[in-house]
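Just need the whole structure built from these sequences, with the hints factored in.
According to mature numbering (1 follows the signal peptide of the UniProt record, and there is no 0), the sequence shown holds residues -28 to -1, 1 to 276 in order.
Misleading hints may appear alongside valid ones.
Said to hold, decoys possible - Straight-line Cα separation of at most 27 Å, DSS-like style, residue types lysine-lysine; simulated pairs: (1) Lys181 - Lys261; (2) Lys261 - Lys165; (3) Lys104 - Lys78; (4) Lys261 - Lys104; (5) Lys181 - Lys81; (6) Lys78 - Lys165; (7) Lys165 - Lys115; (8) Lys115 - Lys37; (9) Lys103 - Lys228; (10) Lys228 - Lys81; (11) Lys114 - Lys103; (12) Lys181 - Lys103; (13) Lys103 - Lys81; (14) Lys115 - Lys103; (15) Lys37 - Lys13; (16) Lys104 - Lys165; (17) Lys13 - Lys114; (18) Lys261 - Lys228; (19) Lys261 - Lys78; (20) Lys261 - Lys251; (21) Lys104 - Lys13; (22) Lys81 - Lys251; (23) Lys13 - Lys78; (24) Lys103 - Lys37; (25) Lys251 - Lys103; (26) Lys181 - Lys165; (27) Lys165 - Lys114; (28) Lys261 - Lys81; (29) Lys261 - Lys115.
Source of the hints: derived by calculation from the structure; they are not laboratory data.
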Amino acid sequence: MSLSLQLPFELSLLLFLLSLVLLSFKQAFSKKARLPPSPPKLPFIGNLHQLGRLPHRSLRALAEKHGPLMLLHLGQVPTLIVSSAEMAREIIRTHDHIFSSRPSLKVAKILFFDGMDVGFAPYGEYWRYAKKLCIMHLLSNKKVHSFRLAREEEVAFMIRNISRASLTPDPVNVSEILHAFASDMLCRVVSGKLFREGGRDNLFRELVKEGSALLGEFRLEDYFPSLAWMGVFLGMNVRARRNAEEWSGVLDEVIKEHADQVDEKHEEDFVDALLSLQKDPGADLALTKEDIKALLLASSLTSF
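In structure tokens, the structure reads:
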């Protein structure tokens, strides 16, 4: 009697498992059928070998063959390539909420205090609030106009540097001077005149240059997530952590200096605005110190 009951149970279990397998195959096939056209890929590296030294030209050639909406596999990461204004408009206007968030990159999480800046924070309430703060206190017409004197002083400072450099027999590196001007201008808008105290402007430029280089480097784990564990042995994140620690120390000093002179009359900057909002009980969201540092760092790195 027990054997006769056991057989139907085992048969039912077998049929149930078989149904699950067939269903998973069906879902995988249906998903694959709905994917955009894709060039043939190699095992493991996907389509990375097809990008070449000039990726923009390689992508154009692939788009001419496979269409304006194309799926590439950059290592283990499926990537949608949009190559026409019509498709870009469809994505930006109709499906903006789907494509609003950037990929979660390890280096961005390290540099921007768990990715809490405007550029890498996931789409949601915090991102909308951070974007609103940047527009109101950095990019609005009123704020841009208020920075006019600062811009004029920084331009005059840059011209003096060019004049001094031209007196020497060595060639003048105008690109380096312009990069320094862009970095100094942004740092002044973000943190005021205090950024030059004790040679801090030179430290700012070094940290900005290193941080920008880290964000632009090829990182194995971004294309092969399954190999992220190798980062411990290759030291891929050591430089990023060192840069983040140096930034954290500098920004702690800047925030403390602004907090200490809160009652003094001075050139109002982004740090002042964020500290004021942090104390405001009616603010839309409560800003932590790490949030403030992430927003300040992101604003400073925009120059490169």
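Verification of the supplied hints:
Of the supplied pair hints, the one linking Lys181 and Lys261 holds, its CA atoms being roughly 24 Å apart against a limit of 27 Å. A C-alpha spacing of about 21 Å is found between Lys261 and Lys165, which places the hinted pair at or below 27 Å, so the restraint holds. Our distance criterion of 27 Å between C-alpha atoms is met by Lys104 and Lys78, whose separation comes to about 25 Å. At most 27 Å may separate the alpha-carbon atoms for a hinted pair to count; Lys261 and Lys104 meet this at roughly 18 Å.
As the CA atoms of Lys181 and Lys81 are separated by approximately 18 Å, the hinted pair is consistent with the 27 Å bound. Restraint check for Lys78 and Lys165: not satisfied, since their Cα atoms lie roughly 33 Å apart, outside the 27 Å limit. Between Lys165 and Lys115 the CA atoms are separated by roughly 16 Å; this keeps the pair inside 27 Å, and the hint holds. About 47 Å separates the Cα atoms of Lys115 and Lys37, which puts this hinted pair outside 27 Å; it is violated.
For a cut-off of 27 Å, the pair hint linking Lys103 to Lys228 stands: about 24 Å separates their Cα positions. Restraint check for Lys228 and Lys81: the C-alpha separation of about 24 Å stays at or below 27 Å, so the hint holds. The straight-line distance between the Cα atoms of Lys114 and Lys103 is roughly 17 Å, inside the 27 Å bound, and the hint therefore holds. The suggested pairing of Lys181 with Lys103 holds, with an alpha-carbon distance near 24 Å, which does not exceed 27 Å.
The hinted pair formed by Lys103 and Lys81 meets the criterion: a straight-line CA distance of about 18 Å does not exceed 27 Å. A C-alpha spacing of about 15 Å is found between Lys115 and Lys103, which places the hinted pair at or below 27 Å, so the restraint holds. Taking the CA atoms of Lys37 and Lys13, the gap is near 15 Å; set against the 27 Å cutoff, the hint holds. A threshold of 27 Å between alpha carbons decides the hint, and for Lys104 with Lys165 the separation of about 24 Å falls inside it, so the pair holds.
Distance restraint check for Lys13 and Lys114: the Cα-Cα separation of roughly 51 Å exceeds the 27 Å cut-off, and the hinted pair is therefore not satisfied. Under the criterion of a C-alpha separation no larger than 27 Å, the hint pairing Lys261 with Lys228 is consistent with the structure, at around 11 Å. Note on Lys261 and Lys78: the hinted pairing holds, with a Cα-Cα distance of about 21 Å set against a maximum of 27 Å. Note on Lys261 and Lys251: the hinted pairing holds, with a Cα-Cα distance of about 11 Å set against a maximum of 27 Å.
Note on Lys104 and Lys13: the hinted pairing is violated, with a Cα-Cα distance of about 42 Å set against a maximum of 27 Å. For the hint linking Lys81 to Lys251, the alpha-carbon distance of about 26 Å falls within 27 Å, and the restraint holds. In summary, the hint linking Lys13 to Lys78 is supported, as the alpha carbons are separated by about 26 Å, within the 27 Å threshold. Straight-line distance between C-alpha atoms of Lys103 and Lys37 comes to about 38 Å, which puts the hinted pair past the 27 Å bound.
Distance restraint check for Lys251 and Lys103: the Cα-Cα separation of roughly 19 Å lies within the 27 Å cut-off, and the hinted pair is therefore satisfied. For the hint pairing Lys181 with Lys165, the CA-to-CA distance comes to about 20 Å; that is within 27 Å, so the pair holds. Distance restraint check for Lys165 and Lys114: the Cα-Cα separation of roughly 20 Å lies within the 27 Å cut-off, and the hinted pair is therefore satisfied. Our distance criterion of 27 Å between C-alpha atoms is met by Lys261 and Lys81, whose separation comes to about 16 Å.
Pair hint Lys261 plus Lys115 holds up; C-alpha atoms about 23 Å apart against a cutoff of 27 Å.
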